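This is what each chain is made of:
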Amino acid sequence: MPILQTDRRAFLAGSAALSALVALPGRAADSSTLMAQGVAAQPMAAGATPPGRLTFHGIDIYHGSTIGTLKVDIAMQDAGSYRVVKTFNTAGNGRSDGALFEGDTFKPGRYELTMYVGDYYAALGTKLPSPTFISRVPLRFGIADARERYHIAVLFGPWSYAYYRGS
Amino acid sequence: MAGITTHVLNTVTGKPGVGMRIDFSIQEGDGWRLVKSVRSNADGRTDDMILKPEDTKIGLYELLFHVDDYFRSQGMALADPPFIEKVPVRFAVFDTKQHYHVPMLATAWSCATYRGS
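Here the protein sequences line up with chains D and S, keeping their order. Under the working numbering, think of the first position of the first sequence as 1, with each following residue one higher. Under the working numbering, think of the first position of the second sequence as 1001, with each following residue one higher.
Possibly wrong hints are sitting among the right ones.
Just the calculated beta-carbon pair ranges, DEER-fashion [to be verified]:
(1) Asp1095(S) - Asn89(D): 29 to 37 Å
(2) Asp1047(S) - Pro108(D): 21 to 29 Å
(3) Asp145(D) - Thr1096(S): 42 to 50 Å
(4) Pro108(D) - Asp1069(S): 15 to 23 Å
(5) Val1035(S) - Gln77(D): 32 to 40 Å
Straight-line alpha carbon distances no greater than 20 Å define the calculated EDC-like cross-link-like pairs of lysine to aspartate or glutamate that follow [stated by the list, open to error]:
(6) Lys107(D) - Asp1080(S)
(7) Lys1052(S) - Asp1095(S)
(8) Lys127(D) - Asp1095(S)
(9) Lys1086(S) - Asp73(D)
(10) Lys107(D) - Glu1085(S)
(11) Lys1036(S) - Asp1023(S)
(12) Lys1086(S) - Asp104(D)
(13) Lys1086(S) - Asp145(D)
(14) Lys1057(S) - Glu1085(S)
(15) Lys1086(S) - Asp78(D)
To give an idea of the interface, some chain S residues facing chain D are shown, with a C-beta separation under 10 Å as derived from the structure [stated by the list, open to error]:
(16) Met1001
(17) Arg1033
(18) Leu1034
(19) Val1038
(20) Ala1042
(21) Leu1078
(22) Pro1081
(23) Arg1090
(24) Val1093
(25) Tyr1100
(26) Thr1107
(27) Trp1109
(28) Ser1110
(29) Ala1112
It should be emphasised that the hints constitute simulated quantities derived from the structure, not laboratory data. Treat the numbers as computed from the prediction; the structure is a model and nothing was measured. Beta carbons are placed, not taken as given, at the ideal position from N, Cα and C, and that holds for glycine.
Build the full structure now, drawing on both the sequences and the hints.
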């Protein structure tokens, strides 16, 4: 789907200045810092490629807000199997605390995030059957071009989840 | 009805996902034992139940949907590696008298699953 990809990149570049501000909702301090520095600290002219990075947002659609802390393992595929390279807890409202990987640390390849949804609801005291319908949720995705921004957006509940490439 | 069933939907076209390979596994110890590989039929469902009620036990199960191959079969060129490739869905059966319908709604850039009926 080369045409769609080109469109996507053009869209990202075109909205780069906006993305720099809106990609971090919930982190008002950072946003205002960016504003104060006038984004000019990292000028992104039209057509320029913003630095690639991976961010995450898990939204608890059962409570309508990610009121707890979600633990997530990040694994990368290596010689056919997935190896955990990092574990993080979500910060404000289900988001990763900034970029999980950025610039040179962000590598193309096959990733698997494991969301500890069972533990999340157990910690909140949500009444569910045992074993819970979903507990550790694997989210696999491929990164073809690590110069792009990949935002993994997940809508989850005790009985469902959806994930997509956000922005 | 009890047991396990699935249904593949192509949410780009709004039509059933036909001919998608689905691998069904059962968790045993720390690993997964492949039970069978099936393909979705013309309605996006499988001709036979994934697991019959009498064979269903309390435990963890996995459906692995070969979403990338499906979209390639539809003539779509995917990134390398594709964003959505082979998607595992892991879920528990907590009451063998209940029915577990676990659909896959997929595009090349997103997927969703839920306990249906």
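For each hint, the structure was consulted:
no.	hint	result
1	Asp1095(S) - Asn89(D): 29 to 37 Å	holds, 32 Å
2	Asp1047(S) - Pro108(D): 21 to 29 Å	violated, 38 Å
3	Asp145(D) - Thr1096(S): 42 to 50 Å	holds, 46 Å
4	Pro108(D) - Asp1069(S): 15 to 23 Å	holds, 21 Å
5	Val1035(S) - Gln77(D): 32 to 40 Å	violated, 24 Å
6	Lys107(D) - Asp1080(S)	holds, 13 Å
7	Lys1052(S) - Asp1095(S)	holds, 14 Å
8	Lys127(D) - Asp1095(S)	holds, 16 Å
9	Lys1086(S) - Asp73(D)	holds, 19 Å
10	Lys107(D) - Glu1085(S)	holds, 17 Å
11	Lys1036(S) - Asp1023(S)	holds, 6 Å
12	Lys1086(S) - Asp104(D)	violated, 27 Å
13	Lys1086(S) - Asp145(D)	holds, 19 Å
14	Lys1057(S) - Glu1085(S)	violated, 29 Å
15	Lys1086(S) - Asp78(D)	holds, 16 Å
16	Met1001	violated, 17 Å
17	Arg1033	violated, 17 Å
18	Leu1034	violated, 15 Å
19	Val1038	violated, 20 Å
20	Ala1042	violated, 25 Å
21	Leu1078	holds, 6 Å
22	Pro1081	holds, 3 Å
23	Arg1090	holds, 6 Å
24	Val1093	holds, 8 Å
25	Tyr1100	holds, 8 Å
26	Thr1107	holds, 8 Å
27	Trp1109	holds, 5 Å
28	Ser1110	holds, 3 Å
29	Ala1112	holds, 3 Å
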